[in-house]
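J.: At position 358 of the sequence shown (counting the first as 1) the number is 358 in this note's numbering, and the numbers step up by one without a gap.
There may be inaccurate statements among the hints.
As the list claims (entries may be wrong) - Taking lysine-lysine and the BS3-like style, the derived pairs with C-alpha atoms no more than 30 Å apart in a straight line are:
id, residue 1, residue 2
1, Lys-290, Lys-165
2, Lys-286, Lys-260
3, Lys-79, Lys-391
4, Lys-79, Lys-59
5, Lys-183, Lys-163
6, Lys-187, Lys-163
7, Lys-7, Lys-183
8, Lys-343, Lys-286
9, Lys-163, Lys-59
10, Lys-225, Lys-165
11, Lys-165, Lys-183
12, Lys-165, Lys-187
13, Lys-343, Lys-79
14, Lys-260, Lys-304
15, Lys-290, Lys-343
16, Lys-304, Lys-225
17, Lys-290, Lys-260
18, Lys-165, Lys-59
19, Lys-286, Lys-391
20, Lys-304, Lys-290
21, Lys-187, Lys-225
22, Lys-79, Lys-7
23, Lys-225, Lys-163
Keep in mind that the hints were calculated from the coordinates and are not lab data. Source: prediction; values computed, not measured.
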Amino acid sequence: MNTRNDKFSHSMEEIPPSGIRKFFEMLIGHDDVISLSVGEPDFPTPWCMREEAFYHIEKGHTSYTGNRGLPELREEICKYMERYGCFYNPETEILVTVGASEGVDASLRAILNPGDEILVCQPCYVNYEPLARLCNVNVIPIDTSVNGYYPTAEQIEKAITPKTKALMICSPNNPTGTMIPGKELEKIARVVVNHQIWCISDEIYCELAYEGGEHVSIGSFPGMKDYSIILNGFSKSFAMTGWRIGYIAAPAELISLCTKLHGYNAICAPIFSQYAATEGLRNGWKDVEKMRISYQQRRNLMVKAFNDMGLPVPEPKGAFYMFPDITSTGLTSEEFATQLFQKHNVAVVPGSVFGLGGEGHIRVCYATAVEKIKIALERIEEFVNELRNNK
């Protein structure tokens, strides 16, 4: 007799809730907590983009758009991607999505069949593995912590089997802030082309690269356009998290499949968000640069502070996260994050929720005002000293 509960989807029941959202929910009702947990810019969306949205709302432009998104936005996206040596047709190779997260889901469902394998470089953003598992595939994690938190072509080559369908990468990386060096990325591209597998490349943080780090898109290498699925959006670089606007750039056949799903589950991205994003790509780059410089300054402050505390952290090359090592405290990542929240009113995310190589670390986001960062660092240092004095 089958005792398993068939009232609900087994796949849905088996995936865990988001580890990031768990700590975000803990903040509700706690105004005295400083959050270094959720990856959300503390800047408002640039004024030129808000003004553009206001204009279209006032004009009553509040309808659906075509499934693929506004033509002018797709054209601007293609112009933008040329900066990184990627060339796409706005009519057939771009899909505007409801945030980059929808792009992850749509891409995975468009390429994966039950029994396939997907290589996921970890630690990584928490939605990659659960969304892949909903496709009834085998997720093969690649532990990047053994190599400075970026994958190597050698690791990927060794992990590929006849069942391997795709590789998932993110550079600059969430949660570590590391970037895959251009030379290594070129080697990875050769492996992908040789084995004719898909490479899903999450490039949502590509505009947040700091000195010593320069974003390179894997789609720019020879032969890679046929195998690349580039995911990007406006949430991070343009401070548009709540506008829910992203996009997929990929071969036309794959975009066609993703568009079918998108048409059923979302129809289109919000029209005013699309107009605002179009304006941002045309005239919002000065604001993006101001934010990037500010994040870099905050990064410098936090890197020094954590290293001085004895919680070593490599200097992030991009994004707005860092991944301090807390193993010297004797606590697990979950214990550290929970006790820090309960005793000192600072919220961080345990590294364990990000997969292999994450345990023994916490993810700290520096997209927070400098004044709050300084207070949070003082509280973290006090907590760490308490732990060491009690040993």
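J.: Take the C-alpha atoms of Lys-260 and Lys-304, compute the straight-line distance between them, and say whether it is at most 30 Å.
T.: Roughly 48 Å separates the two Cα atoms, so the pair is violated.
J.: Sort out whether Lys-59 lies within 30 Å of Lys-163, counting only the CA atoms.
T.: This hinted pair is violated, its Cα atoms lying about 52 Å apart.
J.: Quick one, are Lys-79 and Lys-7 close enough, alpha carbons at most 30 Å?
T.: Since the Cα atoms of Lys-79 and Lys-7 sit roughly 48 Å apart, the hinted pair is violated (cutoff 30 Å).
J.: With a cut-off of 30 Å on the C-alpha distance, tell me whether Lys-304 and Lys-225 pass.
T.: With Cα atoms ~40 Å apart, Lys-304 and Lys-225 exceed 30 Å; violated.
J.: Does Lys-260 lie within 30 Å of Lys-290 when you go C-alpha to C-alpha?
T.: Given that 30 Å is the threshold and the Cα spacing comes to 38 Å, the pair is violated.
J.: Has the given pair, Lys-343 with Lys-79, been kept, meaning a C-alpha gap of at most 30 Å?
T.: Violated. Lys-343 to Lys-79 sits at ~49 Å, over the 30 Å cutoff.
J.: Does Lys-163 lie within 30 Å of Lys-187 when you go C-alpha to C-alpha?
T.: 21 Å, holds
J.: Tell me if the straight-line CA distance from Lys-286 to Lys-391 falls inside 30 Å.
T.: Distance of about 50 Å is beyond 30 Å: violated.
J.: Between Lys-304 and Lys-290, is the straight-line Cα distance small enough, at 30 Å or below?
T.: 22 Å, holds
J.: Would the hint linking Lys-290 and Lys-165 be met if the CA-CA limit is 30 Å?
T.: 40 Å, violated
J.: Mind checking the alpha carbons of Lys-79 and Lys-59 for me, to see if they're no more than 30 Å apart?
T.: 27 Å, holds
J.: Are the Cα atoms of Lys-343 and Lys-286 separated by 30 Å or less?
T.: 40 Å, violated
Hint compliance for this structure: hints 1, 2, 3, 7, 8, 9, 13, 14, 15, 16, 17, 18, 19 and 22 are broken, all remaining hints hold.
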